[in-house]
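Enquirer: The lines below spell out each chain.
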Amino acid sequence: MQSIYLGIPLAPLAGAIVAGLFGRQIGRAGAHWAAIIGVGIAFVLSLIVFKHHIIDGAPDFNGNVYTWIESGVLHLGVGFLIDPLTCIMLVVVTFVSLMVHIYTIGYMHDDPGYQRFFSYIALFTFSMLMLVMANNFMQLFFGWEAVGLVSYLLIGFWFKRPSAVYANLKAFLVNRVGDFGFLLGIAAVALYFGSLDYATVFRAAPGVASETMPIMAGVEWNVITVTCILLFIGAMGKSAQVPLHVWLPDSMEGPTPISALIHAATMVTAGIFMVARMSPLFELSSTALSVVLVIGAITALFMGFLGLVQNDIKRVVAYSTLSQLGYMTVALGASAYAAGIFHLMTHAFFKALLFLGAGSVIIAMHHEQDMRKMGGLKKYMPITYWTALIGSLALIGFPFLSGFYSKDAIIEAVHHSTIAGSTFAYWAVLLGVFITALYSFRMFFMVFHGKERMDEHTREHLRESPAVVTVPLILLAIPSAIIGFLAVEPMLFGGYFGNAIKVSEPNVLAEIGKDFHGAAAFALHGMTQPPFMLAMAGVLAAWFFTLRRPDLADAIKTRFGLIYRILLDKYGFDRFNEIVFAGGGRKIGRILWRFGDMRLIDGLIVNGSARVVGWVAGIVRHVQTGYLYHYAFMMILGLLFFMTWLIMR
Amino acid sequence: MFEANLSLTIWIPVIGGLLILIAGDKWSRQLALLFSVATFVISIPLWTQFDSGTAAMQFVEKRPWVDTFNIYYHLGVDGFSMPLIVLTTFMTVIVVISAWEVIKKRPAQYMAAFLIMEGIMVGVFSALDAVLFYIFWEAMLIPMFLIIGIWGGPNRVYATIKFFLYTFLGSVLMLVALIYLYLKTGDTAAARSFSILDFHKLPLTLTEQIYIFLAFLLAFAVKVPMWPVHTWLPDAHVEAPTGGSVILAAIMLKIGGYGFLRFSLPITPDASRELDWLIILLSLVAVVYIGLVALVQKDMKKLIAYSSIAHMGFVTLGLFIAFAIFSNPEIAGQSARFKTAALGIEGAMVQMISHGFISGAMFLCVGVLYDRLHTREISAYGGVANVMPKFAMFMVLFAMANAGLPGTSGFVGEFMVIISSFSANIWYAFLAATTLVIGAAYTLWMVRRVLYGEVANDNVATLKDIGTREYFMLALLAIAVLLVGVWPAPITEVLHSSVNNLLQHIAVPKY
Chain A
42 MQSIYLGIPL
52 APLAGAIVAG
62 LFGRQIGRAG
72 AHWAAIIGVG
82 IAFVLSLIVF
92 KHHIIDGAPD
102 FNGNVYTWIE
112 SGVLHLGVGF
122 LIDPLTCIML
132 VVVTFVSLMV
142 HIYTIGYMHD
152 DPGYQRFFSY
162 IALFTFSMLM
172 LVMANNFMQL
182 FFGWEAVGLV
192 SYLLIGFWFK
202 RPSAVYANLK
212 AFLVNRVGDF
222 GFLLGIAAVA
232 LYFGSLDYAT
242 VFRAAPGVAS
252 ETMPIMAGVE
262 WNVITVTCIL
272 LFIGAMGKSA
282 QVPLHVWLPD
292 SMEGPTPISA
302 LIHAATMVTA
312 GIFMVARMSP
322 LFELSSTALS
332 VVLVIGAITA
342 LFMGFLGLVQ
352 NDIKRVVAYS
362 TLSQLGYMTV
372 ALGASAYAAG
382 IFHLMTHAFF
392 KALLFLGAGS
402 VIIAMHHEQD
412 MRKMGGLKKY
422 MPITYWTALI
432 GSLALIGFPF
442 LSGFYSKDAI
452 IEAVHHSTIA
462 GSTFAYWAVL
472 LGVFITALYS
482 FRMFFMVFHG
492 KERMDEHTRE
502 HLRESPAVVT
512 VPLILLAIPS
522 AIIGFLAVEP
532 MLFGGYFGNA
542 IKVSEPNVLA
552 EIGKDFHGAA
562 AFALHGMTQP
572 PFMLAMAGVL
582 AAWFFTLRRP
592 DLADAIKTRF
602 GLIYRILLDK
612 YGFDRFNEIV
622 FAGGGRKIGR
632 ILWRFGDMRL
642 IDGLIVNGSA
652 RVVGWVAGIV
662 RHVQTGYLYH
672 YAFMMILGLL
682 FFMTWLIMR
Chain B
12 MFEANLSLTI
22 WIPVIGGLLI
32 LIAGDKWSRQ
42 LALLFSVATF
52 VISIPLWTQF
62 DSGTAAMQFV
72 EKRPWVDTFN
82 IYYHLGVDGF
92 SMPLIVLTTF
102 MTVIVVISAW
112 EVIKKRPAQY
122 MAAFLIMEGI
132 MVGVFSALDA
142 VLFYIFWEAM
152 LIPMFLIIGI
162 WGGPNRVYAT
172 IKFFLYTFLG
182 SVLMLVALIY
192 LYLKTGDTAA
202 ARSFSILDFH
212 KLPLTLTEQI
222 YIFLAFLLAF
232 AVKVPMWPVH
242 TWLPDAHVEA
252 PTGGSVILAA
262 IMLKIGGYGF
272 LRFSLPITPD
282 ASRELDWLII
292 LLSLVAVVYI
302 GLVALVQKDM
312 KKLIAYSSIA
322 HMGFVTLGLF
332 IAFAIFSNPE
342 IAGQSARFKT
352 AALGIEGAMV
362 QMISHGFISG
372 AMFLCVGVLY
382 DRLHTREISA
392 YGGVANVMPK
402 FAMFMVLFAM
412 ANAGLPGTSG
422 FVGEFMVIIS
432 SFSANIWYAF
442 LAATTLVIGA
452 AYTLWMVRRV
462 LYGEVANDNV
472 ATLKDIGTRE
482 YFMLALLAIA
492 VLLVGVWPAP
502 ITEVLHSSVN
512 NLLQHIAVPK
522 Y
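Note that the protein sequences, when read in sequence, are chains A and B. Residue numbering for the first sequence is 42 to 690, as defined by my numbering. Residue numbering for the second sequence is 12 to 522, as defined by my numbering.
Isolated chain A, as found in the complex (with noise of 0.2 Å):
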């Protein structure tokens, strides 16, 4: 069973490097092949795992593999834990990412980096799963730096855009800043836990619970708290949360592909992975779910308010993707782990889904992401339209879809919680869902409904893309529609997690789970709970202003054209770090180089002492002057001084 652990990495990674560095040699069809081998391989390995481990029931598997490096009190290497927890992350990953590998090959086909990309995203497979595969924190934190590196180097895969280019620094940096507190987070463990094993720490951490760490003179903190808080930082900035979600719109200016395997499917939902498996952390301290929670409340809801002003296809989905990573946060912060894995789950088949449909329309509509240039593409596109709208309806919480039973589920764990923050963040998940329904049917509607409003020469153009792009989406409309159904059981109530989750009483998933009779009943049930009105009210909102009444939309937003122009401006967050951070450093940076290294080091100090050394020699010069007259007045002068000396002393 090892190398079959192995085999899952290991097989993207050949895929990438043969892709990558023979790409000229083999040709687009050898690349994309060699990359969709890999993953294709990766995909079959992680199903036998998950069937060992999930059907057959074989135990978690924890080992490692090889010694990175051994200094001091650590001791590093790479190392596979194989829990359900991981068996799920597998699955979903290597699936996600197969269709998308698929997907590309239509998507991509005219470009002339073809087999850059599949190198880059096969190297991105390569890299999540070594990052879902980890029984260390070091090793997390290789997966999470290198699936940034990927996502940086997608985004800017168009180097000659400005935009591009733009999106990828800003995405770089703003994730460092969460990695900032990640490692800060992981030296904190190293210190306290005096390991970086996931097995040793989280035996550890019920001794650990009550040490405190001194902070300031006489200021003594929580070290779990603290521990969790800057861990957390680390999946803010990977998993896109307030105040540092800034990143993921901008990241649009990607290649639509990895806009739903990296900021859709898998990478932004890596943050969300890594608190669940810190669970037996999080579990420690009120405090840190509590933050937890309350910014998982605010992205949930405000994220999902700015999906209703942006009119660019991929940015509705985009700030949906916000939204709902904030759901997840908010599962995470109520402690129901495993609702938030459930999302995760749902969310990227229909969320890859959607983003893959978005950009089936895009390549339809030549490259063109103007919603307000669409419309009525319903007749043009069957396929995208039938699978758009299963992955719309999943999205809002249909019942039955998949997205409604992770949805619920979180809707009443947030309910059942009695942590401070909970009743904030139970309103914003509930108002998010009208907002959800509403933004998504927007786009819907704009899409495939209405007036067509495109040009003559791309309407004439109009038709539905080749089986490379519509298979994918057919194979991902599949789990989006009945996963929930099917796994809702299980992984809430079922135990599945079994020990790779750990929750402390009272178990919210737990008392909900008292009330559970079954999938259908559930979801029967939902129908007559205010998330669905409000989705349906959402859905019937959207359809109103979008088709019935457009004109009601625009004097709304001359009505209210201060929230409109704040939702535009996106709060402000983007010009704030702009001018504070961004503007801020460089300012901070000239000032000590003009001033402290060029004036006060090198003028005052290094040139001052050449210049006093200059002026001194510059008088004693005048002792010499090369009169041998002077030189021999000067001698007897001294003569007389020393001899004066010798005798008066």
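Treat the hints loosely; a few may be bogus.
Said to hold, decoys possible - Derived pair list, reagent style BS3-like, types lysine-lysine, alpha-carbon separation capped at 25 Å:
| # | chain 1 | residue 1 | chain 2 | residue 2 |
| --- | --- | --- | --- | --- |
| 1 | B | Lys116 | B | Lys37 |
| 2 | A | Lys628 | B | Lys309 |
| 3 | A | Lys598 | A | Lys611 |
| 4 | B | Lys212 | B | Lys475 |
| 5 | A | Lys598 | A | Lys492 |
| 6 | A | Lys201 | B | Lys309 |
| 7 | B | Lys401 | A | Lys201 |
| 8 | B | Lys115 | B | Lys475 |
| 9 | B | Lys475 | A | Lys201 |
| 10 | A | Lys543 | A | Lys92 |
| 11 | A | Lys555 | A | Lys543 |
| 12 | B | Lys115 | B | Lys37 |
To be verified - Take a look, some chain B residues computed to stay more than 10 Å from chain A by CB distance:
| # | residue |
| --- | --- |
| 13 | Val187 |
| 14 | Ala500 |
| 15 | Lys521 |
What the hints assert, rightly or not - Which bits of chain A does chain B cover? Going by a derived footprint, with three or more residues having C-beta under 8 Å, they are:
| # | stretch |
| --- | --- |
| 16 | 225-233 |
| 17 | 392-401 |
In case anyone wonders, no lab produced these hints; they're calculated from the structure. Quick reminder that beta carbons are idealized off the backbone N, C-alpha and C, glycines included.
Place chain B on chain A using the hints.
Expert: Frame of chain A, contents of chain B only:
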């Protein structure tokens, strides 16, 4: 293999350099390559036959030199010096390759200068006699002075004078300290010794130690360089030819860090403990202040020079964090303290090796561009990746390593030092970790402006991608950077004994 491996590593390049001077320009390149590769090959057994189980000096050679003062030709290496020697011989090969077609003016003398300097630098790392060390230490300045002064840029005279005065003034007090230590080793001339290892054992009072520490500090701080005695470095780099910058950044700066390890820490441990706050403060200033200064540089070489200073801040931080850990009551038990302190010192060493590769590679990258367009201004470039895709691949890799990406060598040392300093004080780690953001910001912002975007102007449009020679030299460094990144264990393994020995030594007060 040989009894005199160290001597060969020192003298083969020196003799080779002299032979090239005699032979003249015609075959100078081939001869230089031959000698540098031969030296590298001879230095490999230092690593492969190194016994990592002991902290004692290995490959020792000791012959009387000046009997009156008990000066010996005394060489030997331990876990600290050996990796630095191999780094030196490796980087010299790279420098010879980098100069191949580029240096048209007096190539024989250029090559000779680098080979002679290689021998001298190996001498610095392997000398165990203080006089021998000091001679190598000062001799090192001469070839570097010539390299900048002859093959340098337009403002080279200012830069060489500044470089020379800074480093020379720094080391004068060191000489005084060395003579003082010599006098302390015995009461009669016959009993006295210049052996550095004897210096380690000297019982010195705290006051004595502080004076000696400060004398050493000035010498080493200039070399590292530490803030505020760093301003010679950007000027020297800007004016130096590519090879000069590579050696300067990759090896010469390390001599400062090595000096702390060989002299300051073991000879004046108590003064180091008293003044650890000063070094830690200056190190953190280097990381944050210099990092911000790097952000606003318009000249690529200046930017990388400042980035070097910031990265060397991790070396001094890692070395002196041990003392802060010793005095931290939070950490229970001597063994726990030793372990976290060891992490810092080993991190500092790994950082030195890694920085050798990365800064060398970054300067070579700038050199590649400079050879083509004869400017280092960032604003003169833009969209280089369009015309030089292979080069762009390497430069992005090295930039990522410079930004400390895991999987590259740049991450390892910084990570170890940050974890170690967290144990001393959370705020040390906090300030040190800002490099994650600042380091990425200045490096990747430069990458964005130089490599990405549309082709900025007609000059950039004419650029030719790197040829086989340049590809080969960058690939060698890329392999080194990645290898240390994914498998740093070989470096830390040779360090363990020496580090433990050092910690045992400095944990006990001397007086």
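Enquirer: So, for every hint listed, does it hold in this structure?
Expert: How the hints compare with the structure:
| no. | hint | verdict |
| --- | --- | --- |
| 1 | Lys116(B) / Lys37(B) | 12 Å, holds |
| 2 | Lys628(A) / Lys309(B) | 14 Å, holds |
| 3 | Lys598(A) / Lys611(A) | 15 Å, holds |
| 4 | Lys212(B) / Lys475(B) | 58 Å, violated |
| 5 | Lys598(A) / Lys492(A) | 21 Å, holds |
| 6 | Lys201(A) / Lys309(B) | 22 Å, holds |
| 7 | Lys401(B) / Lys201(A) | 16 Å, holds |
| 8 | Lys115(B) / Lys475(B) | 20 Å, holds |
| 9 | Lys475(B) / Lys201(A) | 18 Å, holds |
| 10 | Lys543(A) / Lys92(A) | 23 Å, holds |
| 11 | Lys555(A) / Lys543(A) | 19 Å, holds |
| 12 | Lys115(B) / Lys37(B) | 11 Å, holds |
| 13 | Val187 | 20 Å, holds |
| 14 | Ala500 | 5 Å, violated |
| 15 | Lys521 | 24 Å, holds |
| 16 | 225-233 | holds (count 6) |
| 17 | 392-401 | violated (count 0) |
The structure fails to meet hints 4, 14 and 17 from the earlier list, while all remaining hints are met.
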